[in-house]
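Visitor: Listed here are the chains, written in short residue letters.
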Amino acid sequence: MKKILYLIGVVLLFGVQAFAQTRTITGKVTDSGDGTALPGVSISTGRGGPSARTNAAGEYSISLPSDYKSLIFTFVGYATQTVSASSGRVNVLLVSSQNQLSEVVVSGYSSTSKKDFTGSAVKVSAAQIANKPVQSFDQALAGQAAGVNIIQPNGVLNNPPVFRVRGFNSISLSSYPLIVVDGVPVFTGTTGNTASVSSNSASNNPLGDINPNDIESIDILKDASSTAIYGSRAANGVVVVTTKKGKQGKTRVNYDGWVGITKAFNLPDMLNAEQYVTIKNEARANTTPRLDPGFALQQDASGKTIDTDWFDVVYQTGVSQNHNMSVSGASESTSYFLSTGYSKQESFIKTNSFERKIFRGNVDHHLSKAITVGTNFSYSNSLNIGPNTGSLLGQAYNTGGLARLPLVLAPNVSPYRPDGSYNITATGTLGLGANTIASNYPNAVVLLDNDRFTSKNDNIIANVYGELEIVKDLKLKTQYSLNKLNTANTTFQNPLSGDGQSNNGLALNTFEEYNRRDWTNTLNYIVAIDKHHINALVGQEEYHTTNVGTGTERTNLADGYFNNFQGNFLNSRSVAATGNFNTENGFRSFFGTVTYDFDKKYLLSGTFRRDGFSGLSANNKYGNFGGASIGWNIAEEDFFKNSSLGNIFDDFKLKGSYGVVGNIGVNDFASLALFNSGFYGSTSTVFFSQAGNPNLKWETSKKTDAGISFTMFKGRITADIDYYNNSINNLILNSPQSPSRGIPGDPVNTIAANVGSMFNRGIEFNITSRNIVKDNFSWTTNFNISTLNNKVTALAEGNADIYGSTSGLETANITRVGHTLGSIFVVPTAGVNPENGRRIFINRFGREVQYKQTGGTAWTYLDGTPAPAIDGTLDGKIVGKGIPTFYGGLNNTFTYKDFDLTVGITFSGGNKIYNGTQATLRDQRFWNNHTDILNRWTTPGQITDIPRLEYGDNYSNGSAIPNSSNVQNGAYAKLKNVALGYKFPTELVNRAGIASLRLYVQATNLAVVTGYDGSDPEVSTNGNSNLAPGVDRNGVPSSRIFTFGLNVGF
Amino acid sequence: MTTMMTIRKYKNSISVALLASVMVFVSSCTKDLLDPTPTTSIIDNEAFDNPARILLQVNGLYSGVKHGEFYGGRYIIYNEIRGDEFIVNRPNGVTGLDTWGQNVNSNTNEVVNLWSRSYAAINRINVFLAGLQANISKIDATLANQYIGEAEFLRALSYLALVQTYAKPYVFDNGASLGVPLRLVAETTLTGEGTNDLARSTVAQVYAQIIKDLDDAETKLPATPSAGAFRAFKNTAIALKARVYLTQANYAQVVTESAKIISTTAPFQAPAGGSRLDASISNVFNGAYTGTATASETLLSLPFTTTDAPGTQNQLAFYFNTSPGNSEYYLNAAGILANPALNSTTDARATLLTKAGTITYLSKFKTASPFTDYIPVVRYAEVLLNAAEASARTGNLTRATDLLYAVRRRSDPAFTFPAADISTEASLVNTILTERRIELLGEGFRTPDLKRLGLALPTKGNATSGIAPAVAPTAPNYIWPISGRELQSNRLLVPNP
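Taken in sequence, the protein lines are chains E and X. For the first sequence, position 553 (counting from the first letter as 1) is numbered 553 according to my numbering, and the numbering increases by one without interruption. For the second sequence, position 418 (counting from the first letter as 1) is numbered 10418 according to my numbering, and the numbering increases by one without interruption.
Simulated from the structure, these hints should not be mistaken for lab results. Any given hint might turn out to be false.
[Claimed, not checked] Once the Cα atoms are required to be at most 20 Å apart in a straight line, the calculated DMTMM-like pairs of lysine to aspartate or glutamate come out as: (1) E:K621 with X:D10032; (2) E:K456 with E:E513; (3) E:K983 with E:D900; (4) E:K697 with X:D10032; (5) E:K697 with X:D10035; (6) E:K621 with X:D10197.
[Claimed, not checked] Pairwise CB distance ranges, derived in the manner of DEER restraints: (7) E:Q299 with X:S10282: 57 to 63 Å; (8) X:A10348 with E:P289: 57 to 63 Å; (9) X:A10227 with E:A576: 22 to 28 Å.
This structure is a prediction, so every number in the text was calculated from the model and none was measured. The C-beta atom is built at its ideal place from N, Cα and C for all residues, glycine as well.
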């Protein structure tokens, strides 16, 4: 009977009865942290037994029949504690932490105790994400959870991280998981490769509209049995976010705040003015025929040689601050939580900032023993401001991209003329200085001063629910949720220099409204008959999403005085390309789930969901999904308990699951053949715009999971080991059509079809060890590692390869049957020919072909005879995987007296990175170069990896055709986070009217150990792209952040 | 007890409300939730519903050809910068650096995108033709015929661009080499294994299809142009046919076709349709030239407006001009720019150039951002020069000379060619070819002309901007490789060597 007590999912127990008394136990319950008395704590012996509650002073008294040997202390917001009770006085310290939820897995529409849970999920607690200098909580998940791979693409503020749960789960659809906040499936802005809702250069992740400090816990559901309740949306995993609620007891007021500074992490070493002039003129002299010197040093008015560090022009030390205040509390019948937050963060990139104002409130109230109602509401207003960093998805080759400008702008030219005006040419490019060769690129200063991109969200996430206990343990719940996200994007590009120049100034405003309503009704029955425990839930859900956008572009500025959309422009237009859209989709679902256990030893669960989705073809709108799992708590068996293992293991569970879930994310009208309308001069047009597929149906992902989880040595060690195998079939693939078929659409020459398959397999290992637990000193280690083997097993149209492109211009990835999705695909090189300094490529026939930019045949075999030109497609080869095959984190927490220290390390490896930025850094046009260019080939016999310089050469170093000299090992270990805190003694601060006070300093991105030559191996130029991962191309580096903060409780 | 009763009542009413609301909700589920209708696109089965919409589809065919990566900009730019008239000023991979340097491969964006956009335009035409046939009862028969003629004309224009870019010139071997795949049916769905595969027809077969389309279009198109000649009419089809025959070196046919649209005596003009030279070339390149209500030099031009602007980095003025324009390419001092006509004070065509310091830009295209200069596809000056060359090559030196003068003296009324330049067939042909370079500079004729004459693509460049090598007609890169994307998915396709 005792084990029944683990039913913790329903935490509030009412209406208890007293039984015959045989002995009385009394005591006081206090908070283990600040020692305050806790009134209202439930004390019980389990189902059917006697129970009691603590009074205002935290005191309790309970009478126990003789056969009850232990007491269970339950209190909202605290870890449940079971204490053996013989007689007399028993004082209990309840652990007031965010870990209260760690004992339950919030899986879908209900929760399960971790011990009974047979799926695969990982919980991230508040402590792991609070107080981190991030914009959105997903950024803080790196290295925190097995099976969850988080990559921050670069240092642009509020740039959505790459977020993959157990690898890629789709090819053409998103691999971003479903995010559910307090039961509301929220907008992530993701339908393809990006999770940003901004249409301009200000990155905007809607998850930044959720205050990380409001989060109580995050459950990341990974396998099919735990995600199947989400059916068609579950293939990428489900992230269930639970926000904080009021805890019983006196009203709590907390303040958390930090200030910090941000710097660029690891910038490349560029040539200075003198080196630049030497190198570039050498390259000109090396051409055939020889080109005149085109570059020269220039002196400023005071006679000093101009040597511009363009990094100084573009980057800065950013200052950030973050404040949160919350008020919460609960009585027996009502709990409430209110919080406000303000965050103002500056990037190390000039003019890039993030500002968020947020309010959240929730109330839960027991109208009666049977009826509970509640509401949860959050409103946030966040403003993202950015320059064009050229670092967001699709921007890698933006002429005005600020990340690339310091790599290509001449260091021997000043940003300003002697009179203080901008140093630009008539077409807005950087002035020539003493050079005779013009730059194609704009002057970064003009862009920073005059261009402006903003993306602002008003985001409401709210729900209201009512729950009725019809008969004991049979609960009917209805919840209505909404997520209303309004995004306003503004662009202004100046007429002097950069992207706005050829338009003589451009302003583009778009306003986007995303509305989602969701009504869910569930009926939940929990019953225990003797040793049989059943938890059954059936439900029905409908949700409807509308996406509406309007936009207008204005060009040709009337007067240089104006600098916003509202100023006067000569031309304006408002068409689909300027951000007009109007789409909708709907879901209708029915679902049910049952978990059963016998005596807490044998666990079974089954889930079924039938989803209808509007985006699929007429005859295939509905799909059936489901999963099942089994588990065995061996530690509950007598033979185990009685063996020597029983002394070592507290818990030992074997579990397995299998299920089929789906992925959705196709366009709202993907199955239809459509005609669009446009212009032909001043008349309008109608034209074939989308080839439909009347057979388009659900993509299905079959997930198998097998694992063990155990705790040892009285909870000193807890560990989970899982094997997973996700097999994805009927992949919705933008099936490549021969371009000669002329199939329109986006992407062009493709038709969405259910073809292809792939798998993700691997092992996850997660262990937490409380190495040292002493009064004054403790040391806890968490280590997690996951492996991933992704392989594509079938593709469309006779397994035609699919290319992955970076910003539509460079193809360095390929998806090919038998290989990992988005493998790195480049032309192999055999280094630099020591005889003549030419780059040697290896063509498709395995022959060595060398390249010469000028003077005679460009492509020759090593004997000098002409060779066919190297061709990126035909001669390209797969040289590595674009995503890590293993990754994880190592997190250590130390406490010594009142000090605490956290050291977080993340690591990953097994992948290659295509370092396209290196191609930029070695390009032999007028661009500046990395100092490694000084190792260029100059004399016969010289062994080097930098070819002989020839002016204009964009082939030898990989700008024109990606080659393997820019492919590097992507393995790394990163000191991601170090935080040192000091908690003031309670007695001391109490005198000042403060309940608790902690100060801390924190550093992010302190160091990285890697063989990678680029700025940071944690990089993804193509964001969440499935087809083109592992590319580093012309982006800003990541940031290094130092913060100082305090947590105050009143 | 009373309290308990109240709560119970309360509880009951709430539970009834909850249950009722759930039931109402479930039963009120409308079918629409799963069947929304697109509001910004037209569903295929309504695309040919009425004559007005069918007309919009015809406009859509033109806009397909007018795509910025095809005839709306880049196709013309590529034909110019592969030739020898322009020098790269901004070494930017996105704006044709590798095309200028004769250094493209099957994966280069220019190669991939032009291929894809041409075929997208062709499929739009094929989809239209099929849809029109299926809905033929919905419009007037004459109008339907005219639309078919327009579609065929545009298909011919598109295939001519493809076959000239991706296949060996017809004149090398009378079209025996591999051309491009001839897609002539509507491609609208995923139709299974093998759909992607279509072998290349021979160059001759592609030309035969082009002529077939143009012959049919000629019979179906209206005799007079619509306002502005933004849509093809009879003369346009005939003129294009003359261009096609010229490309095949079938000079007799050029003469025959030209005769339909050039009067036998001066002033040379088309007997119908009002096609003739405008009095002034600067009129023609005023950015939005449409001629007069009754007469125009343009037989087809592609219009732009500020609303329908060419895409970024596709605009002719952006490439060739400076302020307005991005000075991407300037004129090669060793090219036709050296010709006295372009340096004279009497030839009006010299006014279409702009000097900036020591270098000269072409300012035929001159409209400020968003660079809405109309694109001349077929204009009467070319018609005359095609006919002049064919006449000369077929022995009619007098008519050839007259037609040549018609073009020259429009811009330089008092000009007289030295006798040596026009007295023999060879010298006259040479002079006419030079006149083409002067007259049609920047309009996309240079590379096709070099190819049909079997000439190397000349070397070009200088000590400042770098040098692009010459490309012999025998060299693999004389023609472009087939798009790598096509090679990957079309298993019957044979790549260019």
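Visitor: Each hint: holds or not?
Guide: Now the hints, each set against the structure:
1. E:K621 with X:D10032: 12 Å, holds
2. E:K456 with E:E513: Since the Cα atoms of E:K456 and E:E513 sit roughly 12 Å apart, the hinted pair holds (cutoff 20 Å).
3. E:K983 with E:D900: Holds, at about 8 Å.
4. E:K697 with X:D10032: 19 Å, holds
5. E:K697 with X:D10035: Between E:K697 and X:D10035 the Cα gap is close to 15 Å, so the pair holds against 20 Å.
6. E:K621 with X:D10197: Outside the cut-off at roughly 31 Å; violated.
7. E:Q299 with X:S10282: 57 to 63 Å: 46 Å, violated
8. X:A10348 with E:P289: 57 to 63 Å: Between X:A10348 and E:P289, where Cβ atoms are some 37 Å apart, the hint is violated.
9. X:A10227 with E:A576: 22 to 28 Å: Given a distance of about 27 Å, which is inside 22 to 28 Å, the answer is holds.
Violated hints, in rising order: 6, 7, 8; the structure is consistent with all others.
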